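> Spelled out, the chains give:
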Amino acid sequence: MAEAGILLKLRSVSKSYGATAILHSIDLDVRDGEFITILGPSGSGKTTILRLIGGFTQPSGGQILLDGSDIAAMPINRRPFNTVFQDYALFPHLTVEANVGYGLAVRGTPRAEITKRVADALELVQLGPLGKRFPAQLSGGQRQRVALARAIICRPRLILLDEPLAALDVELRRHMQTFLKSIQTEIRTTFLFVTHDQEEAIAMADRICVMSAGRIEQIGSPHEVYYRPGTEFVAKFFGENNLVPGTLGPVEGTTRAIDTAVGRLVCSIDGQPKIAALPAGSPALAVFRPEAVGIGDAAEGENRIAARIDQVAFGGASTMVNTAAVYEPQQILKARLQSRPDGTSLSQGETIPLVVPASACRLVAA
Amino acid sequence: MRFADRAAPTLLITLTLFVFVLLYGPLMVPIVSSFFTVSHGTVDWSQPTTSAYVALTQNDSVLSALWTTLIVGAGAVVLSVALGTGLALYYASPNAKGRNFLQFIIFLPFLMPPIITGLALLIFFRQVEFERSLLTIIIGHTVFVLALVYRTILTRLQSLSGSLVEASYDLGASSWQTFRLVLLPNLSSAMAGAAILAFALSFDETMITLLVTGTQSTLPVRLWAMMRLGFTPDINALVALVLLFTTALCLIAVRYLMPASAVAGSDDN
Amino acid sequence: MSDSAAHAGPHRLTPWLATLAAYIVPLGFVLAPMALFLVYSFFSVDHGSIVFSPTISNYVRFFTDPVFLPIFWRTCLLCLAVALLCVLFAFPVAYFLTTLRGRSRYMLLVLLLVPLLMSYVIKIYAVRSILGGNGMLNRALLATGLIDKPSMLFVFNLNAVLLTLTVLLIPFAVLPIFLSLERIPKALRHASADLGATNAQTFWRVTVPLSLPGTLSAMSFVFVLAIGDFLTPQMVGGQSGFTFGRIIYSQFGTAFNWPFGAALSVILAAVVILAIRLGGRLESKHGGAK
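Protein sequences appear in the order of chains A, B and C. Taken in order, the first sequence gives residues 0 to 365; the numbers are from numbering that gives the first Met the number 0. Taken in order, the second sequence gives residues 0 to 268; the numbers are from numbering that gives the first Met the number 0. Taken in order, the third sequence gives residues 0 to 289; the numbers are from numbering that gives the first Met the number 0.
What the hints contain is simulated information worked out from the structure, not anything from laboratory work. Among the hints, erroneous ones may be present.
[Unchecked claim] Simulated coverage check for chain B against chain C, where a stretch passes if three residues somewhere in it have a Cβ under 8 Å from a Cβ of chain C:
| id | segment |
| --- | --- |
| 1 | 64 to 72 |
| 2 | 204 to 214 |
| 3 | 222 to 235 |
Predicted model, so just to flag it, every value in this text is computed and none were measured. Positions of the beta carbon are idealized from the N, C-alpha and C atoms, including for glycine.
Use the sequences and the hints to build the structure in full.
Structural data, given as C-alpha cells:
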C-alpha cells in the first residue's frame with residue numbers, strides 16, 4: 000500500500016447528541032484499496048464513524064472529504080459507498096437473487112445485466128445454488144454472505160462493514176475472517192471494517208485505527224499497534240502486556256533509558272521521534288510483551304529484572320508465568336514461555352531472573 | 000379444599016357456557032324466526048317459509064340502503080388506509096413533530112362515545128355549511144376507524160427492522176422506491192387486515208351515521224328505523240343475512256391479523 | 000430509529016411538507032369539530048335559532064333544573080352496575096380461556112371476538128326480542144318455575160336497559176381481563192404452589208390481586224361504552240327508561256337545542272375522560288404494565 004492514493008479524508012470530525020459528545024475532532028485518512036479496521040470497545044465511537052461516512056447521520060462539526068469535496072450534506076443514496084449491516088438487513092420479502100440485485104434494479108439496470116451480475120456475485124461468495132431461497136431459509140453465515148454480495152455488486156468505492164461477524168459463532172467467525180480478507184484482496188475494493196474484537200482486527204486489517212472514548216488512540220499496521228503501542232490504552236488493549244511505570248532518562252542513539260522501581264530499563268525508541276523529544280524526567284511506561292521475556296542470564300543490551308513466581312499457568316501451546324518483581328511486589332510481570340511436554344521446572348515462590356532485550360522494550364508516554 | 004379444586008373446572012365450564020348462551024342465545028331468536036311468519040307479534044311456528052328472504056330482494060329501500068353502506072364502506076376503507084399508512088409513516092420518521100399530540104387526536108374519535116364524535120361532526124358540518132350527504136357519512140366513518148387502522152399499520156411498521164430502510168437507501172434507492180419496494184410489501188398484510196376490520200366496523204356503524212346523515216340511509220340506519228316498528232320477518236331475514244356477513248368478515252380479518260401461533264400459549268402449565 | 004429517512008431525500012423542504020400533510024386531517028376533521036363543539040356549548044337558543052354570544056346558561060340549567068341532574072346520576076349508576084355485572088361474568092370466561100391451549104384456545108377466543116364485530120342494533124334487537132311479556136326470557140322463567148306469571152320487571156324500563164347493555168358488553172370486558180391474566184408470570188403461580196398453597200389459595204391470593212388492574216381497566220372500558228349508548232335505551236327503555244344519552248340525542252332531534260345538547264355532551268365527555276383516566280391510574284398504580 001506504499002503509493003496508494005487517499006480515498007476519503009475525515010478532518011476534525013466531531014459528533015454530539017445534545018450535550019453528550021460521541022466523537023472528538025477525528026482526523027482519519029482512508030487509503031484506496033486498503034482493509035482498514037476501526038477497533039474499540041463499545042461506546043468508543045467506532046460505529047458512529049461508520050454511520051457518518053455512510054450518511055446515516057450528520058457530523059456536528061468537521062468535514063468528510065471525498066475527492067476533495069465535503070460530502071457531509073450528500074444523502075445516503077447518492078454516496079458511492081455500500082454497507083454490510085450488523086443484522087444484515089436482508090429484505091425478507093425478496094429472494095436472495097432479488098436482494099443481491101436490488102441496488103442494480105433501483106438504478107434501472109437492464110434485466111439481463113442484472114441476472115448476469117447477480118450470478119457472478121453469488122459465485123464469488125459461494126452461494127450459487129441458493130439464489131431462489133428467501134432470507135428466512137438461510138443460516139446466519141449464508142445471510143452474511145448475501146449481505147456481502149449485495150454490497151459488492153454495485154461496485155462501490157468503499158464498503159462499510161458494521162461488526163458483520165458479531166452474530167456468528169467462533170468457528171464460523173474464524174472462517175469468515177479468512178473469507179472476507181480473501182475477497183477483499185481479490186476485488187481490491189476499500190473495506191472499512193468496524194469491530195470490538197482485537198484478534199479479529201489483527202487477523203484481517205492492513206491498518207488498525209484504535210479508538211477509545213471518541214478519540215483515535217493510534218492508527219497503524221497490526222504489527223505496529225501490537226509491538227509499538229502509542230498510548231497506554233493501546234498497550235493494554237491487545238493481548239497481554241507488561242507495563243512498568245517510571246521516569247524518562249537520557250537518550251542514547253536509538254535507545255532511551257527509563258528509571259523504574261525495578262531498576263533502570265533500556266528501551267528501543269527506533270521510529271518514535273516523539274518519545275525521543277520528551278524531556279528527561281517525564282513520566283512514562285516501559286512496555287514489553289510476555290512472549291519477549293526470557294529466563295536466565297542477561298547478555299549485553301538486555302534488561303534484567305528479579306521476580307518471584309506467583310503462578311505458573313499452563314495454557315496449551317504456551318505457559319504463562321505470572322510473577323511479582325522482587326524489589327516492587329506491586330509490579331506484576333508476565334512471561335510467556337513455550338510449553339514443554341515434560342512439564343516445567345518452575346515452581347511457585349521461586350525467584351527467577353527475567354530477561355528482556357532492549358529491542359523488545361518500548362516506551363509509552365504516561 | 001380438594002372439593003374446590005375438583006369443582007373449579009366444572010364451575011368454569013358451566014359459567015362459560017352460560018355466558019355463551021347469553022351472547023349467542025338472543026341472536027338465535029331472530030335468525031330462527033326469519034323462517035316463519037309473524038302475526039300479531041307472535042311467531043307462527045307451523046309453516047316454515049323463505050318468503051321473507053324473497054321479499055327482501057324486492058325491497059327497494061333495503062337494497063338502496065345496502066348499496067349506500069357498501070359505498071360508504073369502500074370510501075371509508077380507502078381513505079382510512081391511505082391516511083393511516085401516511086400517518087404511521089410520519090409517526091415513525093425521525094423528524095416527526097408532536098408525536099404524542101398527533102396520536103391523541105387520531106385516537107380521540109375512537110375513544111370518545113360515538114355520540115360525541117357524531118355531534119361534533121354534525122355541528123362542524125353545519126358551521127362550515129357542508130351539506131350532509133354521502134360524503135359526510137364517509138368522513139364520519141373514516142374519522143372513526145382511522146385510529147384502529149393507523150394503530151394496526153404502525154405496529155407492523157415498528158416491527159420491521161429499522162436497518163431495512165437504511166439498507167434500501169444505502170443501495171441507492173429513492174424515498175419513493177424505498178416505500179414501494181421495501182415498506183409496502185412488508186406492510187401489505189397488515190393493511191389488508193386493517194382494511195377488512197375497518198370495513199366491518201363501517202358496515203355496522205350506527206350512532207355516528209344517524210347524526211351525520213342527510214337523506215341517505217345506510218343499512219344499520221334502515222334497520223334501526225324498521226326495528227322501531229316491531230318484530231317482523233323481513234327484519235329477521237335481513238338480520239340473519241347481516242350476521243352471516245359480519246361473521247365471515249370477522250373470520251377473514253382474524254386470519255390476517257391474528258395467526259394461530261400468536262394465541263396458542265405455552266405448554267408449561 | 001436513525002435520522003436516515005430525512006437525509007435520503009434530495010430536498011430539505013420535504014420534512015415541512017410531510018408535517019403539513021400529516022396534521023391536516025387530524026386537525027381539520029377531529030380537533031376542529033371537537034373545539035367547535037366545546038364552543039357551541041357556550042351558546043344559547045332563542046326561538047329556534049342559535050344565539051352566538053357566550054353564556055354559561057346551559058351548564059347552569061343542567062345543575063339547577065330538577066330533571067337533568069337526577070337522570071345523569073341514575074345513568075352513571077346504571078352504567079356502573081353494567082360494568083360490575085359484565086366484569087363478574089367476563090372474569091370466569093377469561094380465566095377459563097387461560098387454561099386452554101392451542102386449537103381450543105384459539106377457537107374460543109375467536110368465538111368471543113365475533114360478537115364484537117356484529118352490528119350493535121342487531122344485538123339490541125335480538126335481546127329485545129326475548130324480553131317482553133311473551134318473550135323467551137319470561138317463558139324460560141315460567142318453565143323453570145322461578146315465577147308463576149310473566150314478569151314486567153324488565154319490560155321497557157331501565158332494568159331492560161341494564162340487562163341489554165350487560166349482554167351486549169360482556170365480550171368487551173373479556174379481552175382486557177384475559178390479557179391481564181396472561182401477563183401474570185407462570186413462575187408466580189408455581190412459586191405459590193411451591194410454598195404450599197392450594198389452587199384455590201393461589202387463585203385468591205395471587206391471581207386475583209394481580210389481575211385487578213386489568214379488571215378495573217375492563218370496568219372503566221365497559222362504563223365508557225355504556226354511558227355513551229343512546230340506541231339501547233331508545234329501543235328497550237320505553238317511557239321510563241330515560242338515560243342521559245337519550246336526552247342528549249333529543250336535543251338534536253325534537254327539542255332542537257343544539258347548544259344545550261353540546262353542553263350536556265361536554266359533561267358526558269368529562270365523565271368519560273374521568274373514567275378513562277381513573278381506569279388508567281388504577282391500572283398503573285397496581286402494577287399493570289403497558
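> With reference to the structure, classify each hint as holding or not holding.
To see whether the hints hold, each was checked on the structure:
Figure legend: the segment 64 to 72 of chain B, annotated as covered by chain C; annotation inconsistent (0 residues with Cβ-Cβ distances under 8 Å, at least 3 required). With 3 residues having a Cβ less than 8 Å from any Cβ of chain C, the segment 204 to 214 of chain B passes the three-residue criterion, so the hint holds. Coverage of the segment 222 to 235 of chain B by chain C holds [criterion: at least 3 residues with CB-CB distance below 8 Å; count 6].
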